[in-house]
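Protein chains in written order, with my numbering: chain V, 1 to 302; chain F, 1 to 220.
For the record, the hints were derived by calculation from the structure and aren't laboratory data.
Keep in mind that a hint or two might mislead.
Across the chosen pairs, the derived CB separations fall in these ranges [unchecked claim]: (1) F:Ile17 - V:Gln178: 37 to 43 angstroms; (2) V:Gln178 - F:Ile20: 22 to 28 angstroms; (3) V:Glu157 - F:Gly14: 46 to 52 angstroms; (4) V:Ala228 - F:Pro169: 46 to 52 angstroms; (5) F:Ser97 - V:Trp14: 28 to 34 angstroms; (6) F:Leu216 - V:Ala84: 36 to 42 angstroms; (7) V:Asp142 - F:Ser212: 49 to 55 angstroms; (8) V:Gly179 - F:Gly15: 30 to 36 angstroms; (9) F:Ala185 - V:Glu170: 48 to 54 angstroms; (10) V:Glu52 - F:Ile148: 46 to 52 angstroms; (11) V:Glu294 - F:Gly15: 54 to 60 angstroms; (12) V:Glu294 - F:Ala174: 26 to 32 angstroms.
Keep in mind that this is a model prediction, so the values were computed, not measured.
Backbone N, C-alpha and C define an ideal beta-carbon position, used for all residues, glycine too.
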Amino acid sequence: MDMMERLMNLDRRWLYLLVGLAAVIPILAPLNLPVNVSRPVQDLFDRVESLEPGEIIMVSFDYGPSTGPENDPMGDAIILHALARDLRVVVIALYPLGGVTEAREELERCVGDLDPPNGQIASERFPDKVYGRDFIYFGYKDGGLAAMRLMSDNMHEVFPADFYGTPLDEYELGREVQGYDNVAFVMSLATGIIGEWWANLVNAQFGTPVAVGCTAVSAPKYFAYYRAGQMFALLAGLKGAAEYEFLVSQKYPQLAQITDSFIYNAGKGWDVQSVVYSIITLFIIIGNVAFIVERRRQKRGM
Amino acid sequence: MYKKQFPLLLAFLGGAIPIISFFITTPGDRLKVTTDTLQDWMLIIAGAALLLGVVNLFQINLRKISTRAKGWPNALWLLLSLVIAATFGLADAFGTSVFGIWGGDVAFQWIQDAAFKPLQATMFSLLAFYVASAAFRAFRVRNVEAGILLAAALIIMLGVNPYAVKVLPFLPDATNWIMNIPNAAAQRGIIIGAALGAASFSLRILLGIERSYLGLQKGE
């Protein structure tokens, strides 16, 4: 068996081993690979920078743990960026398989541990920020499109109480947000189709600006909405998350300290993805070279 | 009549009222109020549908277990997991303890952290290995179409790769062009086609032409 045949019939376990090592090593020893900021990501950063302090943004956690490595860092970056700019943040969750816990975990990762029912409402990371005034978590609502439609002017009908069961009217920020008119834009961190619903329904019917942070596998579809202007910004997969995290870290070094303290962040994920992409690309090229050589040989009857 | 015409009438009104209210404003906004009520109902029905799903899951899997059908241990495990997760979840929702041992919130959070998240993450992570293996074995230039697909994939993959971009700095622009022009055009066509299909299917339901959701055959 010559080298080309050996390559064609390479035991897949070697490939698994390489991919496994490529996934683990960069997490333990970050490579800090560079990122090129793309236009759709820059658009989100610029929009957040352009808002006046006190304006409200809504972050919808429309994904579960399966896509957490891609979507979690997006949530962290947008919440941290908004709080650093003194914007106010309303967090909701519409994804049934774990969205509710993802939202709480990412919010607490950014602001510190919370226990509003027992009076723990001050943020550990942002000492001047308080739950209910500067940020709030409305919780999860089933029903997807119907919930989005109702939220346009009946926010309190969809979310009568926050995640912890306290009526929204008891919080300053809860009272203020009655519908989409009260938010500067909606950021959907989405897996699957929910990001499309925000564009199709909330942007198209109510004119609310929408940005989406999607998984890489959904990104090609979302580019059509971005190009059509139905989304003003798009974070496409881990790369988009890394670009945004990079922009935020450059402008706000104090936030870089926070994200660097996380066991996992977009930068580390980007290192992993880049190395794994390199391995896959290399093996695709090797596989094709071997395939072409073999085919030529067969044609020549060798 | 009650089995056929009445549900068809309900479906027609449930679909037609929100559509009309989107285009027409009536005195006192009655149509909008009705639409809002219908949407409230939809939220409630969506929750009830979840319960229906659970009942259905029990019916199917209990039958599998009782007849010792192929894969019945999996069905048993599925139902056990469902019962445990639901018990902990309900204990969390009602603020009670589970068997007087764990607080409902602690137990549910434990299920989330120790089982649900790692299992979901593991399932999804396996894709990286399978995609790598499949790309190596199946992504071959067998014909012109496969060659075009391979070229586009390589440009996209290399265009987001920091190592490759250092050597070939034009790659990000090429990647952006592929994503923004041919990809967006093709995706737009697919999305518009799917939307037209969904609209025509909805219209068939509203007009009572499509009745399979009632369990009726064609012509019934």
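Can you list which hints this structure breaks, lowest number first? Numbers 1, 3, 4, 5, 6, 7, 8, in rising order.
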